[in-house]
Amino acid sequence: MNKADVVVIGGGPAGIEAAYNLARDNHKVVLVEKEKEIFGHMQTAYTLFPNFQDASEIRSSLLQKTKHGNITLYNNSEVTQVSRENDFWRVQTINGLDFIAPAVLLASGFKTFDARYKEELGYGIYKGVITSVEFEEMLKVGKIQTANGEKPRRIAFLNCVGSRDEKVGNHYCSRVCCINAVKLSIEAKKQLPEVEAYCFYMDIRMSGQFYEELYRKSQEDFDVNYIRGRISEVAPTIDNRLQVKCEDTLSQTPLKMTVDLLVLMIGIEASEGTARIGEQVGVNGEYNFSKSISLHTADNKTKHQGFFLAGTCKRPLTVPETMADARAAALEIDLYLKSLSQ
Amino acid sequence: MKDLGFSISQSRTIDLDKSDLSAYRRVVEKVPSAKLCLMCGACTATCTARNHTDFNFRKVHLLFRRGQFEGLAEELDKCMLCGKCRLVCNRGVNTRAIIYNMRIILENLNYKSIK
Amino acid sequence: MKKQYWTEYESKVADDHYYYERSCIRQSFFTGSEEVFINIVRDLLGKDIADDMNLHTCSGIGYYSGVVPLDTTMTVVARLFALMTEAGYKNFVPSCITSFGLVNEVVDMWHHFPEKLEQIRGYLKEANGKEFDVPENIAHPCDIIYKYRKELKEKMKYSLTNVHTGKPLKVVEHIGCHYAKIFPRQVKGGAEFPQVLVGMIQEWGGEVVDYPERRHCCGFGFSQYMVLANRGYSAANSKKKLESMQPFKPDFILANCPGCTMFMDRWQYTIAETEGITYGENGMGIPVLTYEELAAILLGYNPWDVGLQTHQVQVEPLLDKMGIKYDPKDKYVGKSGAFLGEPEKPTHLKVKAYE
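Residue numbers (this note's numbering), protein chains in the order written: chain Z, 85 to 426; chain L, 14 to 128; chain G, 22 to 376.
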């Protein structure tokens, strides 16, 4: 059993940012990551909304932070057990690591919605139906193409896939998909100026700073079309394209069109680790997201002394929100550790 | 052809593959702010004509955008070109110019109003 | 509710001892389908299946048209269950998709409102002294054919292959709304990708056509086709499907619902007569078969014994493609051997000409 001041569970933006801030305050931090690579979902990102910052810059910055002398990083170390032993927390991993520490930070993040549950959208059946994550990967390698390797003439983006949908048990809004669709459609037009881009939405939720401006820019400078209506049927055409159907709700008329790619803006769900560890520790809230003791005044603390939360294990958050939340968590943990030594 | 006492209904779906979207591109060339319309309906709410007729600028604009021209010329004739709609648009869309250009294009496409 | 992928939805079908509920409309539209189904299940699969002389309507068409009240409908269904119980069966097999939808709905309502079940028991007892058990299993005949599709394949004389080109036949499959849309998780593949007909087509050598309007309803809709003024948009739905499938050049359409089979077949006449449009090769129509008819002709039954001559779109071009032998002289001969007379030919929808 190895001792540490804090065990941080999850090597994504929240975990790394919190670990770094704790390390700067002279705490010995163990950072455990279940995957071979760190960065979580930041791993596959191309650019970040709303300012199109290159995600690789964020990755280099995060990587640099993990190299702090007070941080010990363990990859391939999925946490199997978190338990309370006397005044300490014990964290055990799949590869036999065993730590004991006065504080634990859960930063186990989110997973993207599995679009196969929305059977009417044909994900996993028709090759032209892809997820926003897969589209981002295409952008990253600069190769937007159909399954046949052709340049798409028309791309549709569909919002709220797995969000605001009682059929899949997710009543909540994932918050980032609307603006992400704006970003992706602009990136698509940058790489393929001739492509026609259509965004299908139930509401457009541009709540963050500069989001509305970016939405406007997509219309003004990039000719992105927005149709208020939810695509609810996808079928193949004779030339292996996709026919999509929705209601053009503002003209109150059913509408259909053929597209080459349908990009599903998949929502955010609690990751398996978040759900499992939350259950073990007893901090599970709605939809398996972890629950703090006070949303407004103590959003990083839980009902257990020494067990803290940061980032998207709590709810859907943007990258800047996640990083700020991680720094707030580090501060709470620092105060807690200091209170123990007094 | 036989009369069976009923005729088979026509499709009411907008098929964007078969719609003429070029007419709207011509409107946008003349009035670039047309692209910014969010279809909020502020224009229609304040419209002088809308208060006494079926004229709905928001809807006419949208149907034109989708290439659904049938019946639009008659609708556009109801507009008095007073320009009130333009004052209230929170996206700065030149609504009045859109109406004017749609009228010209429909005329050229031989969509005549009843007048 | 547990999250499930559509691929995990399964139909539950009993292995044996079926109580068959015949359909009102199928016996007049597809005259051989039910007979041949009983024959296949009893003689070829060696199963026990009851064909009860005392059967009556399920009243589903009246219920879905909004003219028969719910309590009456439930009591009629209860009487069917009483007949099943009296005959000593527990597995209910309704031939019609509407019956299948209705009995499932009724049983589901009883499950959620047990007091309703007790009330209906009272009504039936009062009406004719009958008592009933709720079936242990409700399966559609197409589920049974699907379940035993491999066993049947072994007995088949023909396959879904074009004997002239050696290529698989292209088949459009169409599923009735009340089969999968009411309780999608209770049928294999659910409402979006029901596998029941797909499984038969693929097992028997055919290729399924995936066309844009595959999941569109045929337009039957009960009060829609019954009222003359509404028929235009009832027919428009089948037309939409036919237009959408035509470029794929399907060899035939396979359906599991009486309404769909009839309408996709008969509306081809309506469209041809009123608009002069046909969808098959050389001005002919696209044949529409029930799954029992398909199984039967593949097994080597005489197409005229199966009732294929009563279809609007004549099937000879399809039989020729499949290499199935038939005698045109037998086409309009009744069971007694007497010639029944030949029907009038449609004006626009072409049929095979015999020299």
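In short, the hints are calculated from the structure, not lab data.
In this text, all values refer to a predicted model and were calculated from it rather than measured experimentally.
C-beta: ideal position from N, C-alpha, C; glycine also.
Honestly, I wouldn't trust all of these hints.
Pairwise CB distance ranges (calculated) [as the list claims (entries may be wrong)]:
1) Leu34(L) - Gly233(Z): 25 to 31 Å
2) Gly233(Z) - Thr28(G): 23 to 29 Å
3) Cys95(L) - Gln275(Z): 24 to 30 Å
4) Gly253(Z) - Ala250(G): 54 to 60 Å
5) Gly105(L) - Pro90(G): 55 to 61 Å
6) Gln137(Z) - Arg25(L): 50 to 56 Å
7) Ala250(G) - Glu221(Z): 51 to 57 Å
8) Gly297(G) - Gly253(Z): 49 to 55 Å
9) Gln25(G) - Glu221(Z): 24 to 30 Å
10) His380(Z) - Arg25(L): 34 to 40 Å
11) Arg237(Z) - Lys366(G): 44 to 50 Å
12) Thr28(G) - Gln137(Z): 35 to 41 Å
13) Ser140(Z) - Met93(L): 52 to 58 Å
14) Thr128(Z) - Leu34(L): 32 to 38 Å
Now the hints, each set against the structure:
no. : hint                              : verdict
1   : Leu34(L) - Gly233(Z): 25 to 31 Å  : holds, 27 Å
2   : Gly233(Z) - Thr28(G): 23 to 29 Å  : holds, 28 Å
3   : Cys95(L) - Gln275(Z): 24 to 30 Å  : violated, 44 Å
4   : Gly253(Z) - Ala250(G): 54 to 60 Å : violated, 43 Å
5   : Gly105(L) - Pro90(G): 55 to 61 Å  : holds, 59 Å
6   : Gln137(Z) - Arg25(L): 50 to 56 Å  : violated, 46 Å
7   : Ala250(G) - Glu221(Z): 51 to 57 Å : holds, 54 Å
8   : Gly297(G) - Gly253(Z): 49 to 55 Å : holds, 51 Å
9   : Gln25(G) - Glu221(Z): 24 to 30 Å  : holds, 28 Å
10  : His380(Z) - Arg25(L): 34 to 40 Å  : violated, 50 Å
11  : Arg237(Z) - Lys366(G): 44 to 50 Å : holds, 46 Å
12  : Thr28(G) - Gln137(Z): 35 to 41 Å  : holds, 40 Å
13  : Ser140(Z) - Met93(L): 52 to 58 Å  : holds, 57 Å
14  : Thr128(Z) - Leu34(L): 32 to 38 Å  : holds, 34 Å
Hint compliance for this structure: hints 3, 4, 6 and 10 are broken, all remaining hints hold.
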